[in-house]
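Number of protein chains: 2
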Amino acid sequence: MNDSRISGQVRIVGAGLLGASIGLALRSKGVDTIVHDASPGALSLAIDYGAGRAAAAGDAPGLIVVAVPPDQTATVVAQELGSFPDALVTDVASVKGLPLAELRAADADISRYVGSHPLAGRERGGAISARADLFVGRPWVIATGNGESTRSVGVIEDLVLDLDAIPVLMTAEEHDRSVALVSHVPQVIATILAKQLSAGSERALSLTGQGLRDTTRIAASDPQLWIQILAANSPTVVDILRSFRDDLDRFISTLDQPAAQGARRAIAEMLAAGNDGVARLPGKHGQDRRFSRLVVMVDDTPGELARLLAEIGDAGINLEDLRLEHSPGTLVGLAEISVLPEVEAALVSELESRGWRIAEAWK
Amino acid sequence: MNDSRISGQVRIVGAGLLGASIGLALRSKGVDTIVHDASPGALSLAIDYGAGRAAAAGDAPGLIVVAVPPDQTATVVAQELGSFPDALVTDVASVKGLPLAELRAADADISRYVGSHPLAGRERGGAISARADLFVGRPWVIATGNGESTRSVGVIEDLVLDLDAIPVLMTAEEHDRSVALVSHVPQVIATILAKQLSAGSERALSLTGQGLRDTTRIAASDPQLWIQILAANSPTVVDILRSFRDDLDRFISTLDQPAAQGARRAIAEMLAAGNDGVARLPGKHGQDRRFSRLVVMVDDTPGELARLLAEIGDAGINLEDLRLEHSPGTLVGLAEISVLPEVEAALVSELESRGWRIAEAWK
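In order, the protein sequence lines correspond to chains W and P. Count along the first sequence from 1, then add 7; that gives the number in this note's numbering. Count along the second sequence from 1, then add 7; that gives the number in this note's numbering.
Chain W with its partners taken away, still in its complex shape (with noise of 0.2 Å):
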């Protein structure tokens, strides 16, 4: 059966974690997917893994994916553009100004190319980690503003949905800022504090915890790709690195004299701002200030929680974000409950009629 919104081949030329991903997503909708990578080794994983079909003569792919290392992205795009003269190309490069810019230079027809991004990703690569599921719920930015036409990003688009990602459009500039921000700064900080830890005892690294691992996570991540996204976007990051150093020399100088006058404000102004700061995050459990939150206390046990949920669905009212705390050892549950802002009177007062304790919400 074939329930895609994309009509006709796609080929996929990458065989990567991406372009594996892809090809497994699209090939479980029933579309006729060519896998494509310049490495047999990697291309034959890719096909036994169920990424796609090798490429045939006569193969008339309407859409092709690139999905190879940033630095070989625009040559890559600009070979299939000749290739294929009737194709619509994008790519999944996670920088896009300078892609197109090269495309540009190197006088490519890129009214057939539009650029894309998928926000999704694992520490691991290649084909083998590859999975149909690496895009649902994540964003995907397609690149506009390039005098493409209408029709070609909503053939983008059709991929996005067909992969069950969030489409999200933004020229390639809006684009590039926002993930030096969101992505590509928080790859150098988090670097830079797991070198810190070379000078640690291990003694004093028996002593980590979760704060530690989470915030160092991604400083686990391929040095050979992030050279590339780096360097592909250093301008913007550059400059979010110096704002960064201002803020750590003002924390240092203050710090360095924490009984001067009005040292502990300005220690707790910086600490309530990156409050402020997570507090802006999406969908951020207990941080997002879109919604309200309520705490509901919940007899311990599964049946309680999915008769509170049944009941609030019941009322008719929509959960925004859930959490239930289970704690051992505890008399009660607590369930944590956002709702929009107009429906929590009407909540709380339908919960109470129903007999549930309702705890002070979180500040």
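Keep in mind that the hints were calculated from the coordinates and are not lab data. Heads up, a few of these hints could be off.
All copies of an identical chain are treated as equivalent in the list; a pair is satisfied when it fits inside any one copy or across any two copies.
To be verified - Derived pair list, reagent style SDA-like, types lysine to any residue, alpha-carbon separation capped at 20 Å:
#, residue 1, residue 2
1, Lys36, Arg60
2, Lys36, Gly362
3, Lys36, Ile365
4, Lys36, Trp363
5, Lys36, Gly152
6, Lys36, Gly154
7, Lys36, Glu359
8, Lys36, Met304
9, Lys36, Ala266
10, Lys36, Ile54
11, Lys36, Asp169
12, Lys36, Gly15
13, Lys36, Gly104
Given chain W's structure and the hints, the job is docking chain P onto it.
This is chain P only, laid out in the frame that chain W set:
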């Protein structure tokens, strides 16, 4: 029944997250646990929550655990030493050198004081966040080298073992150096990184992935607590922050000239040093190792989540943790479920047989 190593009464002063969690765990082992707090409201919440009983005339605790904010620790420890002349007193403050110095300056009887520090916590405080298993498998430093008796250290070790934590003996100085590296500096860096997000547009932040969430998670921590911790350990924290800044300066100047001779190699070496730092962390990085996690796609409509939980309940499987992640722009929510590893396989097949779609893209 009483299956604890600790005998006699334990008095806990300070009914916040740590004090209430210690109380929950000791009571589950049958220890006569007295909880006290300067705030009647906090005290009654902790008692309602099961953390212990109120103090009574004739109480004769053999061990007192002071779990108050760092800047009150020395004062309260001195008071307790005075009020209970036969009791051994410990504290759980995140810094060990300063309270000891303050107790010496106050001429307290430190022969009955052994400082300690459980490496456990949560972004949220208060008894309402307490869990009896907060300390399971976590290191718990016992500060030695101040003329305390072997018997006293043994009593604190018994407390730590009763809470299923791991005793680690260190001097106060080694402790403070170690936590600066693995806890205090990561807090500052996460805070400054999160602060940079204030410059980001909503659209930019909509591209946020798990990497940024993890890297900034601890920046949501309580400023009032962290001012005290950072001020109390500032010289050591500042030393490491200066080393971080030197590396950041190097990164910025290199990335500012990415085409310069040797620039890419220098970036690669810094990224590799980050890899090496993460590799030094004990254990697997990632989520709570006590639980297996899976992500189930749930139609974002009233009642769907209730149906999922009801069906998990029907399967006789108990949730350890549950979170609904709202996916902006989609009608699908992602329910992140944590269960004991031994039931994961059964849960997956149960849910799939009932038609639920299981994603793991964020693992």
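Now for the hints, and whether the structure bears them out:
Taking the closest pair of Cα atoms, Lys36 and Arg60 come within 20 Å of each other only inside a single copy of the chain (14 Å); across copies the shortest separation is 61 Å, beyond that limit. Proximity of Lys36 and Gly362 under a CA criterion of 20 Å is satisfied inter-copy only: 17 Å between copies versus 42 Å inside one chain copy. Within a single copy, Lys36 and Ile365 get their C-alpha atoms only as close as 38 Å, which misses the 20 Å cut-off; across copies the closest is 17 Å, which meets it. For the identical chains of this complex, Lys36 and Trp363 are inter-copy neighbours only, at 17 Å across copies versus 40 Å inside a copy, given an alpha-carbon limit of 20 Å.
Within a single copy, Lys36 and Gly152 get their C-alpha atoms no closer than 30 Å, and across copies no closer than 66 Å, so neither meets the 20 Å cut-off. Taking identical chains as interchangeable, the C-alpha atoms of Lys36 and Gly154 are never at most 20 Å apart, the minima being 31 Å within one chain and 70 Å between chains. In this assembly of identical chains, Lys36 and Glu359 lie within 20 Å of each other by CA distance solely across copies; the values are 18 Å between and 39 Å within a copy. Taking identical chains as interchangeable, the C-alpha atoms of Lys36 and Met304 lie at most 20 Å apart only when they sit on different chains, with a minimum of 18 Å there against 39 Å within one chain.
In the homo-oligomer, the alpha carbons of Lys36 and Ala266 never lie at most 20 Å apart, since the shortest distance is 64 Å inside one protomer and 43 Å across protomers. Proximity of Lys36 to Ile54 under the C-alpha cut-off of 20 Å is restricted to the intra-copy arrangement: shortest distance 16 Å within a copy versus 56 Å between copies. Proximity of Lys36 and Asp169 under a CA criterion of 20 Å is satisfied intra-copy only: 8 Å inside one chain copy versus 54 Å between copies. When the C-alpha separation of Lys36 and Gly15 is checked against a cutoff of 20 Å, the pair qualifies only within one copy, where the shortest distance is 12 Å, while the shortest distance between copies is 66 Å.
In the homo-oligomer, the alpha carbons of Lys36 and Gly104 never lie at most 20 Å apart, since the shortest distance is 31 Å inside one protomer and 62 Å across protomers.
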